[in-house]
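Chemist: Residue strings, one per chain:
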Amino acid sequence: MSVTADDVRRIARLARLAEPEDRVDALVGELNGILNWIEQLNEVDVEGVQAMTTPVAFPLPMRKDEVTDGGIRDKVLANAPKSDEGFFVVPKSVE
Amino acid sequence: MSADTYTLPGATGDWEVVMGLEIHAQVVSQAKLFSGAATAFGAAPNTQVSLVDAAMPGMLPVINEHVVEQAVKTGLGLNAQINTWSRFDRKNYFYPDLPQGYQISQFQFPIVGEGEIECERDDGSRFTVRIERLHLEQDAGKSIHDLDPNSTYVDLNRSGVALMEIVSKPDIRSPDEASAYVSKLRTILRYLGTCGGDMEKGQLRADVNVSVCKPGAYEKFRETGDFSHLGTRCEIKNVNSLRFIRQAIEYEAQRQIDIIEEGGKIDQETRLFDANTGVTRSMRSKEEAHDYRYFPDPDLLPLELQQDWIDQIRVNLPELPDAKRERFVSEMGLSEYDASVLAADKDRAAYFEEVAEGRDAKLASNWVNNELYGRLNKEGLTITDCPVSAAQMSGLVGLIEDKTISGKIAKDVFEILWAEGGDPAKIVEDRGLKQVTDTGAIEAVIDQLIADNPDQAASVKEKPKAMGWFVGQVMKAMQGKANPQAVNEILQKKLLG
Numbered sequence: 001m002s003v004t005a006d007d008v009r010r011i012a013r014l015a016r017l018a019e020p021e022d023r024v025d026a027l028v029g030e031l032n033g034i035l036n037w038i039e040q041l042n043e044v045d046v047e048g049v050q051a052m053t054t055p056v057a058f059p060l061p062m063r064k065d066e067v068t069d070g071g072i073r074d075k076v077l078a079n080a081p082k083s084d085e086g087f088f089v090v091p092k093s094v095e
Numbered sequence: 096m097s098a099d100t101y102t103l104p105g106a107t108g109d110w111e112v113v114m115g116l117e118i119h120a121q122v123v124s125q126a127k128l129f130s131g132a133a134t135a136f137g138a139a140p141n142t143q144v145s146l147v148d149a150a151m152p153g154m155l156p157v158i159n160e161h162v163v164e165q166a167v168k169t170g171l172g173l174n175a176q177i178n179t180w181s182r183f184d185r186k187n188y189f190y191p192d193l194p195q196g197y198q199i200s201q202f203q204f205p206i207v208g209e210g211e212i213e214c215e216r217d218d219g220s221r222f223t224v225r226i227e228r229l230h231l232e233q234d235a236g237k238s239i240h241d242l243d244p245n246s247t248y249v250d251l252n253r254s255g256v257a258l259m260e261i262v263s264k265p266d267i268r269s270p271d272e273a274s275a276y277v278s279k280l281r282t283i284l285r286y287l288g289t290c291g292g293d294m295e296k297g298q299l300r301a302d303v304n305v306s307v308c309k310p311g312a313y314e315k316f317r318e319t320g321d322f323s324h325l326g327t328r329c330e331i332k333n334v335n336s337l338r339f340i341r342q343a344i345e346y347e348a349q350r351q352i353d354i355i356e357e358g359g360k361i362d363q364e365t366r367l368f369d370a371n372t373g374v375t376r377s378m379r380s381k382e383e384a385h386d387y388r389y390f391p392d393p394d395l396l397p398l399e400l401q402q403d404w405i406d407q408i409r410v411n412l413p414e415l416p417d418a419k420r421e422r423f424v425s426e427m428g429l430s431e432y433d434a435s436v437l438a439a440d441k442d443r444a445a446y447f448e449e450v451a452e453g454r455d456a457k458l459a460s461n462w463v464n465n466e467l468y469g470r471l472n473k474e475g476l477t478i479t480d481c482p483v484s485a486a487q488m489s490g491l492v493g494l495i496e497d498k499t500i501s502g503k504i505a506k507d508v509f510e511i512l513w514a515e516g517g518d519p520a521k522i523v524e525d526r527g528l529k530q531v532t533d534t535g536a537i538e539a540v541i542d543q544l545i546a547d548n549p550d551q552a553a554s555v556k557e558k559p560k561a562m563g564w565f566v567g568q569v570m571k572a573m574q575g576k577a578n579p580q581a582v583n584e585i586l587q588k589k590l591l592g
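Residue numbers (our numbering), protein chains in the order written: chain V, 1 to 95; chain L, 96 to 592.
Quick caveat, the hints were computed from the structure, so don't treat them as lab data.
Do not rely on the hints blindly, as some may be mistaken.
Derived EDC-like pairs: lysine to aspartate or glutamate, alpha-carbon spacing no greater than 20 Å straight-line [as the list claims (entries may be wrong)]: (1) Lys92(V) with Asp192(L); (2) Lys82(V) with Asp241(L); (3) Lys237(L) with Asp84(V); (4) Lys92(V) with Asp243(L); (5) Lys309(L) with Asp99(L); (6) Lys82(V) with Asp192(L); (7) Lys506(L) with Glu474(L); (8) Lys503(L) with Asp480(L); (9) Lys75(V) with Asp99(L); (10) Lys64(V) with Asp394(L); (11) Lys64(V) with Asp547(L); (12) Lys237(L) with Glu85(V); (13) Lys92(V) with Asp241(L); (14) Lys64(V) with Glu160(L); (15) Lys237(L) with Glu21(V); (16) Lys82(V) with Asp243(L); (17) Lys64(V) with Glu164(L); (18) Lys64(V) with Asp99(L); (19) Lys473(L) with Glu496(L); (20) Lys332(L) with Asp293(L).
Covered, in the sense of this in silico footprint (three residues per stretch, anywhere, with C-beta under 8 Å from a C-beta of chain L), are these stretches of chain V [to be verified]: (21) 23-32; (22) 45-59.
Taking beta-carbon pairs under 7 Å as the criterion, some of the chain V residues facing chain L (in silico) [unchecked claim]: (23) Arg9; (24) Gln40; (25) Met62.
Model, not experiment: these values are computed from the prediction.
Even for Gly, the Cβ is constructed at its ideal location relative to N, Cα and C.
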C-alpha cells in the first residue's frame, strides 16, 4: 500500500488542511514510511480472529434521560468570532 | 405487488420506478443522545446546548439509556432483529452546523437489523416493505440563511439530538406506496411513543432513493439480489411532507427517463427537492464531501445489550396498529375500512375506544369517523383539540342506542355539545329533545293528518312511496322527536292496513 501525491492533496482537502504544494512530495514520503511500518502487522496470522473495536473490557457507561445541562449560551458562544441575537454567525453557506 | 404496477410511458415503452427510503426519525427523549441538554422544540437559539454539543475540546459523549431503549422498542415494532452488539462510528464531514466535524453514527454495526412492515395503498390493498436496518445517530444543528444577506446564522439546539435512521430495502414501487410507507412508519412510531412524527417540526424527514427500470428488471433483481438489474439511483434529500415525497418522485422518475431515452446516462448523485418549483436539482457541492472516512469512535465503547432487557421491552410493547385494526374487525365487528381509518391514527383510535366502551361499536365508529371527523376536518382541527370529549360522545351514542333520541336529533345535540359543551343526557332532558315513543301521541297526530288530507291518504294505496310525505309531516309536527320506526309502523297500519 502506498499513497500518491494526489492522495495527499485529497486527504488534506477533506481534512481542511492547507498543505503548500512544495510540501506534498515530502509528505508522500513520510506517509508511505508510516504505512510501510504499519504494514508489518500483515505478517501476523489473524485467521479466525475477530476484529477488535476496543481493548477495554468494560460496559458502555450510560446516563439517565434527564436534562442536566444547557442554558449556558454565553459560554457556548464565548469563543465564536462572531455572534448575533444568540446565534453563531458564519460566512454564507447555502446549498 | 398489486396487479397494476405503476408505470410511466416513454418513447421506448413503459418504465417502472424503484425506491428505497431513508427516514430520519427524531427520538422522543428529554435529553440528547450523548449530553444532558434538553431537546424541547422552539427554545431560544443556543440555549439547549452543552459543551459536548458545541464540541469543546476534551468533552466526552455519554449515551442516554432511554434513547437506546427507544431504538430497541422501535426495532421490535418493525418486527426486526435486535443486535445485542453494536458500535458507534464517526462520519467525517465539514459543515457550519456540525461543530464536531463529524457525526457520531452507526455504520458497520447498527443496533437494529432486518425487519418488515405491512403498508396499505390508497385503494386499500396491502404490500410489505422490508427494513434493511435502523441505527442511532446525532442530529446536526440548524443553519438559517435568510436572517442576513451575507452570513449564515447557526443554532446548535438540535445538535446532538438523537435520531433513528430507518433504511428500507428497495421495495417501494410508486409514489402512492412511498407515501403509504412513510405514513405507516409514522403511525407505528407514534403508537410506540418513540417519535412524535410531526414532519412540519422536522421530527420525521425522508431521503428518497429513486431509480427507473424496464418491466421485468425488478423481478430479476428480487430473484437474484443483484442490483445491476436496476437503474442507477439518485438520492433526494430531506423531503419533508407526504405530498412533496410524491411530487419529488414523479419529477425525478420522469427526469431520469428523459435522460436515458435521449441516450444519456444517470449520474449517481444527491439531489435537493425544491418545494416551490416542484423540481429536483443536483447538490454538486456535496459530491466531494461524500468521502466520509468512517472509523469507530474512540470516545465510546461498543453498545452491548442483555437479552432479558430486550425481552422485557418486548413484553411491554403497546398494541400496534395492525393488531388494533384486526381486533376492531374481529372483536368489535367493524368493517375493514372503518377499522383501518380508526387504527391509522393513535389518538383517533384511543378516542374511539373510549367512545365505544360499553356501546355499539359500529354506531360509535360511524359517529367518530363521519360526524366528528367531518366536523374536525371542516374546522381544520385535530382530535387533540376536539371540543367534544370522548366521554360526551359516548354519552351521546348511548342516548341513540337506547332510543332516547333519534339519529337526527343526535346531530342537533352534537352541535350543542360542540358549541356549548355539557352533558348530553342533561341537554336532551332540559331542552325536551327526548324521542316520543308514546304511540298514542303519534297516533293522534297521524289521525289528524289523515283527516286533513283525505285525498293524499287514499293515494298511498296505489303509490306506497307517497307515504314518505306523511312521515315528513309527522316529524315536522312533532319537531323531529317522534320515533321514526313507530311513525312508520302506525302509518302502515292506518294507510295500508
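Chemist: For every hint, state whether the structure bears it out.
Modeler: For each hint, the structure was consulted:
A distance of roughly 12 Å separates the Cα atoms of Lys92(V) and Asp192(L); the hinted pair therefore holds under the 20 Å criterion. Among the hinted pairs, Lys82(V) with Asp241(L) is consistent with the structure: their alpha-carbon atoms are about 17 Å apart, no more than 20 Å. For the hint pairing Lys237(L) with Asp84(V), the CA-to-CA distance comes to about 15 Å; that is within 20 Å, so the pair holds. The suggested pairing of Lys92(V) with Asp243(L) holds, with an alpha-carbon distance near 9 Å, which does not exceed 20 Å.
As the CA atoms of Lys309(L) and Asp99(L) are separated by approximately 15 Å, the hinted pair is consistent with the 20 Å bound. Proximity of Lys82(V) to Asp192(L) is assessed by CA-CA distance (about 15 Å); at most 20 Å being required, the pair is judged to hold. Between Lys506(L) and Glu474(L) the CA atoms are separated by roughly 17 Å; this keeps the pair inside 20 Å, and the hint holds. With a C-alpha separation of about 25 Å, the suggested pair Lys503(L) and Asp480(L) falls outside the 20 Å cut-off, and the hint is violated.
Between Lys75(V) and Asp99(L), the direct Cα distance comes to roughly 60 Å. Violation of the 20 Å bound is thereby established for this hinted pair. With a C-alpha separation of about 19 Å, the suggested pairing of Lys64(V) with Asp394(L) holds against the 20 Å cut-off. Simply put, Lys64(V) and Asp547(L) have alpha-carbon atoms about 81 Å apart, too far for the 20 Å limit, and the pair is violated. Taking the CA atoms of Lys237(L) and Glu85(V), the gap is about 15 Å. The hint holds against a cut of 20 Å.
Among the hinted pairs, Lys92(V) with Asp241(L) is consistent with the structure: their alpha-carbon atoms are about 10 Å apart, no more than 20 Å. Straight-line distance between C-alpha atoms of Lys64(V) and Glu160(L) comes to about 6 Å, which keeps the hinted pair within the 20 Å bound. With a C-alpha separation of about 36 Å, the suggested pair Lys237(L) and Glu21(V) falls outside the 20 Å cut-off, and the hint is violated. This hinted pair checks out: Lys82(V) and Asp243(L) have alpha carbons roughly 13 Å apart, not beyond 20 Å.
Note on Lys64(V) and Glu164(L): the hinted pairing holds, with a Cα-Cα distance of about 11 Å set against a maximum of 20 Å. As the CA atoms of Lys64(V) and Asp99(L) are separated by approximately 50 Å, the hinted pair breaks the 20 Å bound. Under the criterion of a C-alpha separation no larger than 20 Å, the hint pairing Lys473(L) with Glu496(L) is inconsistent with the structure, at around 26 Å. Taken as a hint, the Lys332(L) and Asp293(L) pair is honoured in the structure, with Cα atoms around 17 Å apart against an allowance of 20 Å.
Only when three residues or more bring their CB closer than 8 Å to a CB of chain L does the claim for the segment 23-32 of chain V stand; here the count is 0, and the claim is violated. A count of 5 residues in the segment 45-59 of chain V with a Cβ less than 8 Å from any Cβ of chain L is obtained; the coverage claim is therefore met, three being the minimum. Of the supplied interface hints, the one on Arg9(V) is violated, with its beta-carbon coming no nearer than about 12 Å to a beta-carbon of chain L, more than 7 Å. Using the Cβ-Cβ criterion of 7 Å, the hint placing Gln40(V) at the interface with chain L is not satisfied: the shortest such distance is roughly 21 Å.
Because the smallest distance between the Cβ of Met62(V) and any Cβ of chain L comes to about 4 Å, under 7 Å, the interface hint for this residue holds.
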